[in-house]
Each structure stands twice: as C-alpha cells, then as structure tokens.
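Participant: So you can see what is in the structure, the chains are spelled out below.
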Amino acid sequence: MSEIERHEYDVVVIGAGGAGLRAAIEAHALGAKTAIVCKSLLGKAHTVMAEGGIAAALGNVWPEDNWQVHFRDTMRGGKLLNNWRMAQLHAQEAPDRVLELEEWGALFDRTKDGLILQRDFGGHRYARLAHVGDRTGLEMIRTLQNTAVAKDIDVFMECTLRHLLTDGERVSGAIGYWRQSGKLITFSAKAVVLATGGVGKAWRVTSNSWEYTGDGIAMAIEAGADLIDMEMTQFHPTGMVWPPSVRGLLVTEGVRGDGGTLRNKSGERFMFRYIPEFFRADTADTEKEADAWYEDKRNNRRTPDLLPRDEVARAINSEVKAGRGTEHGGVFLDIATRRPAEYIRRRLPSMYHQFKELADVDITKQQMEIGPTLHYIMGGIRVDPDTEATTVPGLYAAGEVAAGMHGANRLGGNSLSDLLVFGRRAGEAAAAYSKRAGAPKIDEAQLAAFGQGLEAPFQKGGDENPYAIHSELQDTMQELVGIIRRRDELEEALVRLERLRARAARARVTGSRVYNPGWHLALDLDNLIGVSEAVTRSALVREESRGGHTREDFPKTDPEWGTKNVVIRKRDGHLVLATEPIAKVPAELRALLGDDKPTGEAATGTKTPVAAGDD
Amino acid sequence: MTDVQVWVWRGDASGGDFMPYKVAADEGMVVLDVVHRIQAENAPDLAVRWNCKAGKCGSCSAEINGHPKLMCMTRMNEFPAGEHITISPVKTFPVVKDLVTDVSFNYEKAKTIPPFKPKPKDSDGKRRMYQEDIDRVQEFHKCIECFLCQDVCHVIRDHDENKQSFSGPRFFVRLAALEMHPLDTNERIDLIRAKHGLGFCNITKCCTEVCPEDIHITDNAIIPLKERVVSAHYDPIAWALRRMRGKKDEFVPPEPKPPSA
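Protein chains in written order, with the numbering used here: chain A, 1081 to 1695; chain B, 14 to 274.
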C-alpha cells in the first residue's frame, strides 16, 4: 500500500446530504471535533434534487393537523411495517426542524398570513409540505451547507470512503481515497455517522445520481451491522419516460398535489379502478368528487391520483402491461387542463423548465408522459429509533441509508423531514458517544489490507469493462427485481449477480489515479452488487405483497408478515437472513391508526385489473 | 442510428488537446450523454463531474463550442448536422483533469461571507414574511452553484491576479440574498466594497446571459448592491456615523484551515 494521509476526529460524518449536514451541525455544536466527508462537491448531494417539499404538521394551512395525524398517515402509508417509535419522533419533531431551517435563512413559500405555506402530497391527509416551488431540496441543502460553512466545520469534498475500520466490536474510523488525486486517506474516529443515501444506481430506470451506489449499506454490513427491510424499494410513479436520455428523471408528486391528473392513452382517469380497501374511506371514488376536492377539500375526499406512491406505481405498471399505456411505455400526467399557465410556471418552475428543455413538451399546454422510476429504498441499516445507533458500537446511520422509519413505503415529503429529525439525533448521539468512548485503536493490518484492495484494480490487469458490468447489473435489477417480483426471476437474479461479481473482480482500469471515473466505478461495483444481492435475497424471503415489495406469486398482503422484518447480517463473508418480530405499537398510538389492516391483493398487471385489493 | 462526433479536451495541468470521439446518437441526447457514452466505450478514465442530470445540481459545467453551459441541459440537436462540436473545461479555474477543474476558489470565498443573523421572532414566537417581500430573494436562492457566472466573468477569467480581491457574480448573488432577506440583521456592506470587490464589476451582464437558472444577476443583485454601497459608503451622514463608531465593520479574515479541500 502506498503512503496514506491520516486524520483524527471525534465524529466523522460520511455523506453531505440533508442527514449528513444536519448530523455534523449537531455534533459540532455539542463540542465534538467533526468532519464531513462527501463524494461530490459540497451542495451537490442527492438532497439537492428533492422537489416537492418537507412534510411537517405545522398546521399553517389546516389548523386541525398535528403530529398524531402525521404519525397515522406515515404508518398507514408504510403499511404498518414502520418502526412506530421512529414514526412518532419524526412526526413530533419535524415542525421544529423545519422552523429551525428558517432560523438559518431558508425562505419557504408563504401563506397569505406570512407563515410557511404547505402543499398537498400523496398519503398525507392534510396539505402538509413546506416547500419552495418545486426546488425545496435546493433550499434545504444550501441552508444546511451555509450553516455548516459558517460554523467552520471541516469538509473533505470529493473524497470517497470505502471501508469502515473496526477495533474489536466498535468502529474506529474509515478508509478511502481522494477522487481528485487518487491518493488514499484514512480517518481515525471515535464515532462514525453514515449518511450516504441509497442504491438507486443498481437499476436502469432511476431518479438517482451516480452517487447512489449503496456505500453506507455495504460498509455497515461489512462492519457487522444489521440490515432490515431491504426488499422495500420505492418506485416513484412519475419519472420521465421520453426521450430515452431522460428516462427515469423525477417528476415531482407536487404536480399531482397541485392539480395534475393521471390518464391512460384513451384519456381515462384509471386511478379510480385501483383504490385499495385500506384507503377507500379517505379517497374519492368518482371523478366528480375528486374534481370537487381541488376546490373544497373540507367536504370532499382526496383524488386517488394522490394515493401513496406504491399504489400509484403499481397501477401505472398494470395499465401499461394491459396495453393502455402511451407509445413510449408510460401514462399521461396532465395539469394543463385544470390549471392556468401562470399558476403552473409559478408552482412548478423546474418541471416546466425540465420538460421544455429536455423533452420539447410545454406542460402548460401538453400532457407529460410518465412512468415509474426507482427512487428510494425504505430498507437499510437497522438503527435504534432514539439515537440512530446501529448494532455496531460507535456507528450511527441517518437518512435513506437507515431503515425503519418508512416501513414498506415512504410517503412523499417524509424524506426531507426524516433527514433533519434523525440527522440531528444521530449527530447528538455520536457526539455523546465520542465523549464517553476512549480513543480507538487503528488496526494497521486491517488498514493495509483495505488500502491494497483499493489500489488493486490498477495492478490486476483485468479484462472486463466496469461500465459494461454496471450496465448489465442495471438491466438485471430492472428486469428481475423490479416493481413486480416472483421467485424464479429473483433466483435468476441471484445467479446473474454471482456472475457479475466474478466479472467485477476482473474489472480493467486504465490511466492514472488522478480523477479516474473508471477506477471509481470498478470499486463501486462491489457495493452495488453486494447491496443488490441483499435486496434480492430479502425479496425472496418475504412471501407476500406489501408496499414497495410486490410478489406476483404471493399477491396478497399477509397479516402474519406484517409483524416481521427481514433481517440480514454478514457472517463469515456470507449474508445470513432471518425474520424477527417488529416492535408492537403501544395501545395509545395504536388507537390513532384505525382498526383496519392492509389487506387485499396487489395489482401485478398479469390479469385485467379490477378494483385492485377489493377483496 | 447515426453517429455523433465531438472533440473533447483531454489533459491535465501540464497541458492537453482536443481528442475526437464518435459514438452512436440517441433521440433527445444531451452533451452529458455523449460524454458518458465516450467513457463507457472509449475512454473509461475520462474525468467529468455530474450528479442530477436535470439542471438542478450545477455539477456538469463546461464550455461547449466555447460557451459556458451545463452539459446535462445542452441538447445535441441544438447543433446543425456536421457542426464541429468541442467540449472543454471551464477556463476560469485550474484544470485537474479533462473536464474537471479545481473550483475550490468558490468554496474559499464562501467562507468569507458573514452568515445569516435573524432578528427576534414576533411576540407570539412565529416568523412572518410575506410572499411579495421574499420573491426577489427566492430568485437568488435558485442559484445551483454551477459557477458558470464565475467562468464567464472577465474580471477573473483572464486575470488570476484579481481572484484575491474579487469574489465574482455567484457571491454577489449570495450577498444580495442575505442583504435583502427580510429577517437578516448582519452587516456586510463595507465588506462587499472592500473585500469582495464589487467595484470591479462594470456590469457587462455576461454572467446574467449564461445563468442556467435565469437569475437576473446584474440587474437584481449587483446593481442594487452597488447602490447600497454607494449610499452607505459615500453618503456623508453614513460616513460620519461609521467614523464615530470606530472601525467596527473592518473585515477579519478567517483563520487558515487544514485540508478542507
């Protein structure tokens, strides 16, 4: 191994999206010597792409909104698989976290009374999302970035951390490389906070950027942490589908929140055929009532266009499979019919811009063509709900990389609030741990082995193109571990993943170590393939359909499975899967959720869709 | 399927040249798609920054036929068939490799901006601001930090020596956002003149023209800031008051820090 640059911190935060920045701000405020390490330039993390808003029961638009209703919506949206304590903390603390952003300079759109305006989103009973047009994530990340810079927190940009170091059971730091110079770098840390996001780049059609390679999940399981709910992946119903170069690009749920309607190729508003029993009481069942809801939300039920994302994505998938999709394999999303051009441009400026520039579509006049896109993973690292501590001492996780909060399906807007609520808690707990823990010992042999592994692709003289392997991985996950899954396809996926893993070990790297994306991708492939395997194995184990996991061979939601998490650990280099009971919701919170359970049959698109989940 | 040919600048700080690449064309393709295809098929070590591929993150700034643009928002069909298309790194910042430049100048300047400092809350503990009062600041908050305005600004594009005393349009937008924020109470005007070099700008509007977010940088940020500097600094009463208060606004540079890149 070549010479290695060394640093020492109390708390190292990996990732500089909303969760990482919020965690670092908290840890720093509590006196911990804190570093932020991120793969991209500061301010470019995935949070910047969030569009529609931050869910928080501020009650500015609907005074009757409160944390209890937000808790209920989150749990029901997650098909009751959520960690109830996380859902409770999230609902209780989200308003404070949003108001705190305002104290740090964020400027949300306003109500007539000068308070923070809130917009409608899928699965939220009340208009609840604080927002800035359709660029809420930009406002949030810039506010947090400026705050972190003002507090003089050390930032290591374009620096990829690839392995956690361990000292016995506990975490002791991390090792990786500078993207610019290609030189190795290591951190000794009393505590590490993982805030690295998800793994969307394992799929072909995704709204995620190159950064989403599952780094944190892979690092955590390697260091001994538990993963849960890895089968729970979210396909956002509305990604762009045409032209090919933009396929998967996110179209905010705010389009539907602000009046957009889904139609199939014959113009039918098909969502009325896909209202599941679980949401029937809250959902308009006629076009007349749905239309009336936009004007009078108090006396009408919500349009089924705003059902939770899993329901809408499956419905679109079924329509397309039944031959009722558009020319390019999507459905139509139309806001021009209901809203005037000026309103659309003001409320959805970046959607207007995106379609106009990239698809030659004027959304103030024309329909958008949209379809499902892999957007988020509800599963991830198992954490303690109050402290975000993983099962490895000194290791914390917050944001998308952590699991539990969203159960089987995340509601739109609940991610940005998740980042803030649990980012702060993780930073607080990591700082506290760093105060009571002694300095960790760096295992030099472990460090050297990891370092040699990072440099190995240059020395191996491989014969496989890493870009080609990545592309085949994306096809594999898209075709075999997509919205609708079944045993034989999942098993086939495992076979293909094994082959890809063998090929990835022979990845060919050329050129120097300076800013070499081919080398970076060759190293990322391990994480992508490893986490894909975890998703696929979990999906095989859960023999039911719930939220983001739909099995064609087990289309029903099974109450028995509603009491279990699929847990994954790595033991002796292999993934070991188990099911473990989820924490029981205490009686006083249980009462908020209603008596009914998610039941029924998921629309898998293999038969003519009837009112799905109607039984 | 037809092919597209582009000339990509390959090299590093020691020099480089445009190299021709030919790849298959797709409908709706943007320049960044072409660069990705070149990476995948011809040049796996071709260095390029990108993230969102949707004009929201400001990572993929480059010069396309010499024009500062986001690669993800530049469609290939903008160019007439057969046009010689070049892609080169932004010129204002030192090249690291290929299309990637060292933009740390911007992150260092960001550290010198006095932060947001809000006034007390309303008596009921709430914050009230009206949409019409924040519209102009929200325009500035649209900035995606692509630094194309910095690239095109002739004060620093051809004059490295000005970088010390000039922060560039991106930071005038940032300073204007803070100065016009309805809740902010911090003082920056003297600093804007003395340390950020607002006076260097002679309002040629090059920055406004290249802004992918259509922020009216010159008209809405720079000119109003210039007016504030003039009235604060050259107004005799303000001048006298400042003298009476002593050198309160004097700029203190932050302590130099280790490697925060």
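Think of the hints as simulated: they come from the structure by calculation, not from any bench. Hints may contain errors.
Straight-line Cα separation of at most 30 Å, DSSO-like style, residue types lysine-lysine; simulated pairs [unchecked claim]:
| id | chain 1 | residue 1 | chain 2 | residue 2 |
| --- | --- | --- | --- | --- |
| 1 | B | Lys104 | B | Lys134 |
| 2 | A | Lys1521 | A | Lys1368 |
| 3 | A | Lys1445 | A | Lys1401 |
| 4 | B | Lys218 | A | Lys1231 |
| 5 | B | Lys122 | A | Lys1436 |
| 6 | A | Lys1377 | A | Lys1401 |
| 7 | B | Lys239 | A | Lys1263 |
| 8 | B | Lys35 | A | Lys1113 |
| 9 | A | Lys1192 | A | Lys1231 |
| 10 | A | Lys1231 | A | Lys1401 |
| 11 | B | Lys176 | A | Lys1263 |
| 12 | A | Lys1677 | A | Lys1368 |
| 13 | A | Lys1231 | A | Lys1345 |
| 14 | B | Lys35 | A | Lys1436 |
| 15 | B | Lys176 | A | Lys1231 |
| 16 | B | Lys239 | B | Lys122 |
| 17 | B | Lys130 | A | Lys1231 |
| 18 | B | Lys139 | A | Lys1192 |
| 19 | B | Lys122 | A | Lys1113 |
| 20 | B | Lys104 | A | Lys1436 |
| 21 | B | Lys124 | A | Lys1231 |
Some chain B residues flagged as far from chain A (calculated, every beta-carbon gap over 12 Å) [what the hints assert, rightly or not]:
| id | residue |
| --- | --- |
| 22 | His80 |
| 23 | Gln177 |
| 24 | Gly210 |
Sample of chain A residues at the chain B side, in silico, Cβ under 7 Å [stated by the list, open to error]:
| id | residue |
| --- | --- |
| 25 | Ser1082 |
| 26 | Ser1120 |
| 27 | Met1129 |
| 28 | Glu1180 |
| 29 | Glu1182 |
| 30 | Arg1190 |
| 31 | Val1229 |
| 32 | Leu1329 |
| 33 | Tyr1547 |
The structure displayed is predicted, hence computed values, not measured ones. Ideal Cβ placement from N, Cα and C applies to all residues, glycine included.
Participant: Does each hint fit the structure? Answer for all of them.
Facilitator: Against the structure, the hints:
no., hint, in the structure
1, B:Lys104 to B:Lys134, "violated, 45 Å"
2, A:Lys1521 to A:Lys1368, "violated, 67 Å"
3, A:Lys1445 to A:Lys1401, "holds, 27 Å"
4, B:Lys218 to A:Lys1231, "violated, 33 Å"
5, B:Lys122 to A:Lys1436, "violated, 34 Å"
6, A:Lys1377 to A:Lys1401, "violated, 33 Å"
7, B:Lys239 to A:Lys1263, "violated, 44 Å"
8, B:Lys35 to A:Lys1113, "violated, 50 Å"
9, A:Lys1192 to A:Lys1231, "violated, 34 Å"
10, A:Lys1231 to A:Lys1401, "violated, 53 Å"
11, B:Lys176 to A:Lys1263, "holds, 28 Å"
12, A:Lys1677 to A:Lys1368, "holds, 28 Å"
13, A:Lys1231 to A:Lys1345, "violated, 53 Å"
14, B:Lys35 to A:Lys1436, "holds, 27 Å"
15, B:Lys176 to A:Lys1231, "holds, 24 Å"
16, B:Lys239 to B:Lys122, "holds, 19 Å"
17, B:Lys130 to A:Lys1231, "holds, 13 Å"
18, B:Lys139 to A:Lys1192, "holds, 14 Å"
19, B:Lys122 to A:Lys1113, "holds, 23 Å"
20, B:Lys104 to A:Lys1436, "holds, 29 Å"
21, B:Lys124 to A:Lys1231, "holds, 9 Å"
22, His80, "holds, 15 Å"
23, Gln177, "holds, 20 Å"
24, Gly210, "holds, 20 Å"
25, Ser1082, "violated, 18 Å"
26, Ser1120, "holds, 6 Å"
27, Met1129, "holds, 5 Å"
28, Glu1180, "violated, 11 Å"
29, Glu1182, "holds, 6 Å"
30, Arg1190, "holds, 4 Å"
31, Val1229, "holds, 6 Å"
32, Leu1329, "holds, 5 Å"
33, Tyr1547, "holds, 4 Å"
The earlier numbered hints that this structure contradicts are 1, 2, 4, 5, 6, 7, 8, 9, 10, 13, 25 and 28.
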